[in-house]
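Asks: Chain by chain, the residues:
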Amino acid sequence: MSDHLLELHGIRTGFGANTVLHDCSYHVAEGEVAGVLGLNGAGKSVSLKVVAGLLPAWSGRVMFRGEDITKTSVEERVARGMGHVPQGRQVFADLTVEENLRLGAYTLRRRQRDRYRQTLDNIFDRFPLLAERKDQLAGTMSGGQQAMLAVGRGLMSEPKLLVIDEPSAGLSPVAVKELFETLHMVHGLGVSILLVEQNVTFSLKLADRVHIMQRGQIVYEGAVAELDADKIATHLGVGRLLHRSLTTATRTKAAAAGS
Amino acid sequence: MSVQELGGWPYEGYGINLRVTKRKVFAAVALAAAASAPPLLFRGTTLLPGHLALSIAGGVCIALMAMSLNILLGYAGQISLGHGAFLGVGAFASGLLTINLYMPFFVGLLGAALVGAIFALVLGVPALRLRGLYLAITTIAFAFMMEESWFRWEPLTGGSAGLELPRPRVGAFVFFQHADYLALVLVLLVGYWLFDQNITRTKIGRAFNAIRWDERVAQGFGVPVASYKILAFVLSGALAAVAGATYGHLIGFINSESFAYKAQPNFSLLLVIIIAIGGLGSRAGVVIAAIVYALIPRFLEFLQGWELIVGAVALIDVMARHPGGIAGAVRERGTKRGERKARSEVDPVDDDDDLPKLPRLPRPMGLPARPELDAGAPLLEVEGVSVTFGGVKAVDDAAVTVRRGQIVGLIGPNGAGKTTLFNAISGFVTPDAGSARFMGTELIGRSPHIRARLGIGRTFQQIGLTKDLSVQENFLLAQHIAADYPVAKGLFLTPGAEGVERTMRGRATAAIEALGFERFTTTPVRNLSHGQQRLVELGCVLVTAPELLLLDEPSAGMAPAAVESLGERLREIRDELDRTVLLIEHHIPLVLDVCDYIYVLNFGKILAHGTTDEIARKPEVIGAYFGEEVA
Amino acid sequence: MGQTLISGLANGGVYALLAVGLVLVFKGSRVLNFAQGEMGTFGLFVAFWLITEQGLPWIVGALGAIVTASVIGLLFERIVVRNMGSAPRLTVAVATIGLLLLLFALELKIFGPSPRILEPPIAGLGLQIGGFYVSPTQILALLTAIGLGLALAAFLKRTDFGLGVLAASMDPSATRLVGIRVGRVSAFTWALAGGVSALAALLIAPTIGIFAAGFMTGLFVRGMAGALLGGLTSLPGAFVGGVAVGVIEAFVGDRFVQSTFPGIQSVAVMIVIVVVLLVRPFGLFGKASAA
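Protein chains in written order, with this note's numbering: chain A, 1 to 259; chain B, 1 to 631; chain C, 1 to 291.
These are calculated hints, taken from the structure and not from any lab test.
Check before you lean on any hint, since a few could be wrong.
To be verified - Derived DSS-like pairs (lysine-lysine); straight-line CA-CA distance at most 27 Å: (1) C:K287 to B:K262; (2) B:K262 to A:K177; (3) A:K160 to C:K27; (4) B:K605 to A:K177; (5) A:K134 to C:K287; (6) C:K109 to A:K134; (7) B:K393 to A:K177.
As the list claims (entries may be wrong) - Restraint-style ranges between C-beta atoms, simulated for each label pair: (8) C:F111 to A:G16: 46 to 54 Å; (9) C:R82 to B:G506: 37 to 45 Å; (10) C:V275 to B:S227: 22 to 30 Å; (11) B:R298 to C:Y133: 52 to 60 Å.
Think of the CB as a built atom: it goes at the ideal place given N, C-alpha and C, for glycine as much as any other residue.
Extracted from the complex, chain A is given alone in its bound form:
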């Protein structure tokens, strides 16, 4: 059990008198994309805040690379190999693309300064759009471009796990398609991903495993290839409309896994 890259055990936390997570547990295995789904307000983003360290857990444990990081600071977790793509992208609007990427490499530069140039060139290779606009102010880019920058920034510290919070929110379908391809490529590089998403189809296409959260607890968990479309539909409360697309997605995944 403790050979998973990231694990949340029995997390209970909230704000003030509001408990948002009740006994929340999920995990990300090495090399996989784990998707956390659920309706608005279910607690998905709150659980990511606990993973990042931005919100303390009242009880429960967070394990990363075999170590208990429940009490570790946000910055220390990043130094240990956790990269982030925050909700709303949160790029540094008044700084250029290159400056954003440089900031992403802050912990890398402190560890191994000489690797920075190489890593930057790598990122520019994989994201030619960022290379083109490296002196452009991040705030002037479109949502999709900022999403790409946020992913690039998260990768600059060469993390083992990339934690991504609702990346497709506010993006046009074209941008979402590009984002999907970007993340697919990132996954191909061997980076494990923890993804929280509202867009069900997006998650199902990208994830290997899915965890469904409802009112602060995981109510369903399983490999996408073996999904029970009915169960998911009920938990997400979406009904007939989604059923068709869900069935298609799972069948595709199962076929890909099988072949």
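For chain A, the structure is supplied; the task is to place chains B and C on it using the hints.
Replies: Frame of chain A; chains B and C shown alone:
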């Protein structure tokens, strides 16, 4: 109280009104007499030596000053860090009137109030556009300017030679003795206290608090924010000027440096400190803090020169540990218990899956008559609306028609422009082009708060309530447009105003009971769960029986079963209450279940619209929502 | 007229320093630092003690002043501001008023109420540039202000930590998520604000002549006006605003030197502020995301 009675106005006839007025005046006078009795009784005795009376009187004057700032800063949330300007203005005005024009004391005070109000108006108008720190620094600059220019102008203020303000006199009796003046000042304190109470018990205080919390929420409930902000400035300025004058006559001598930033004490900062320590918005806390401040030096005499250092360290410490001041610390003890309870619970606290029925209330009196429209006639007609933010077209030539008696849904992915369109209709955002007509009246270009009066109610994604007010106070705030009495009558809490308030309270109680939230009547809204807050918000929006409801993602944060219940309530609003709804929603099944007509929005454009059946069959709807490629 | 411009620029340079200090703290901690001026005055007293009473060279005194003020800023951030992260900003501002009062009281207690004189580093009549007289201190003030501005700009844009300071002012949580300790950034910001304040005090003291406790208050308000004018979120804006206030004051004072109405300069500055804010409610270079 039956529902029918709530719609009417409790007419009581003139006779009873006079009696009520007489009773109130009598009570006020009795209170004033009680307050002024102790100093008069003890004057000249060893219990109240002259210098002690002077100190206490000074403290009461500072309490008056602090209460004036509290109205602006604590209630209305407008940061004024230069209140010394108004104190000085009042003191000098009263000085000039009493010295040069030989006017009696109370005329001096009235003159001070008038001049204070005028200067407050001068500051308040530009202040309308400023927020937060920009406003704060502007007020400091204003105070500084007053200090360096007007206060130093010799013909007006006597410059550094200053003015000697006389004590008041009644016939042959002069208020020389500090104890006598103390009695006078205590009477003023009673007056200020009652005035302040009237503010907090009427629509004025509620409007101020709403403005402080979130101007949009205030606008949504029909509060004309700009006017009330000016009102807050004017009231605060006038009361501060009177307080400054009172202080001046107590001390007897004021000059150009008395109210300066370099003065000891720096009144502008002192008042802010006192309010912060007493607790922002707390009448009692502020008065206590002021009087303690005035008396503390006596107890610290043994410190011999270290008082200022100890005081400064104590101030820093208090602010660091109790940001809410005295009042906040008292409140904290109550909430801490609640938090501990939440943490120790084993099972999740269940929101009621079944939403209680929404309140059904008739239209309040005193609102403009609305034309009767047939079912199906267009209620809201939006045409050609475009909104551009920094080069990006957030809404592009949108056209929406909402017919009476329908529930119309506006769907689309995140960032499609739905909320921006709502904001354009609500008046929070001015579109570059287009029109939005509600029952024939054009909305675009007009101030947001008129919508409530016209009959449009709106909810917000983040819950449009003043979250640190109680449930009841929010229901009262929501009836702002039905609070049919002028501000002046509210300030003096005339029987007429009280009658209207009673009606509003009755309506609020009925609504709270309908929701089953009696136990939450006095609970601050922020202590409720998200689902409960959403319900209170819906109740508040319905309490003035608007024709059209604009609902912004009402199902956000609700469990699936509760969403189904919400659907039932929405149908109730349409069928039983005979209202019209335009809603933004992400929850497709809810939309398909409840809406009669749907508009699909993406990239700011209306992609498709039609009846629910038509839309459910269109593939681009599914694609736009779920992010699949359009077939 | 050129003479007026020179003294306006020199004074403006000092106001600019104060404005920059204010904006630094505002960007870092979202709070108005009422003690921004007094941190410098305290440093000035330390310089006085080192130079006049201990006979050390001016540069040692100046360094002492800067270090002392920086340490004051650092300590205040560590002890007070760090623990008030979730407190309302007004309360933190009141805490800075407490710091102001504390420094004021300590100055009175340690050094007494009588005014002091600090000899300027370079005595003498100064230079004659094209018919205008420029005192050595004015030259120093101008050069230092410009130099500091450039150095700060370079630091912020070219070093990792500097970029971190900028990032933290835009988005503290995203900054933490790239692994930067925002606490350290905050401490540095406050220390820098203290140092800048001391520098401003050192540069303006010789021009004004004497100084005492509370000396910087009036100048601090002008620094605030400059920051307001430039926009509270913009460091270059603060610089420009501060200089603008200096120049406006100089010209208005020169034009109305015969007027019987006192403080015309303040009225003029106030009018300029109101006019600018009416057109641009966030200052000349400020952005809405701020206050």
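Asks: All the hints need checking, so say for each whether the structure fits it.
Replies: Each hint, compared with the structure:
1. Of the supplied pair hints, the one linking K287 (chain C) and K262 (chain B) is violated, its CA atoms being roughly 32 Å apart against a limit of 27 Å.
2. Distance restraint check for K262 (chain B) and K177 (chain A): the Cα-Cα separation of roughly 63 Å exceeds the 27 Å cut-off, and the hinted pair is therefore not satisfied.
3. Distance hint between K160 (chain A) and K27 (chain C) is unfulfilled; the C-alpha atoms sit about 33 Å from each other, more than 27 Å.
4. As the CA atoms of K605 (chain B) and K177 (chain A) are separated by approximately 20 Å, the hinted pair is consistent with the 27 Å bound.
5. Our distance criterion of 27 Å between C-alpha atoms is met by K134 (chain A) and K287 (chain C), whose separation comes to about 23 Å.
6. Note on K109 (chain C) and K134 (chain A): the hinted pairing is violated, with a Cα-Cα distance of about 56 Å set against a maximum of 27 Å.
7. Distance hint between K393 (chain B) and K177 (chain A) is fulfilled; the C-alpha atoms sit about 21 Å from each other, no more than 27 Å.
8. Checked against the hint of 46 to 54 Å, the pair F111 (chain C) and G16 (chain A) passes, with Cβ atoms roughly 47 Å apart.
9. Distance hint check: the CB atoms of R82 (chain C) and G506 (chain B) are about 50 Å apart, inconsistent with the given range 37 to 45 Å.
10. Between V275 (chain C) and S227 (chain B) the beta carbon distance is about 24 Å. The supplied range of 22 to 30 Å therefore holds.
11. Judged by the Cβ atoms, the range 52 to 60 Å given for R298 (chain B) and Y133 (chain C) holds: they are separated by roughly 55 Å.
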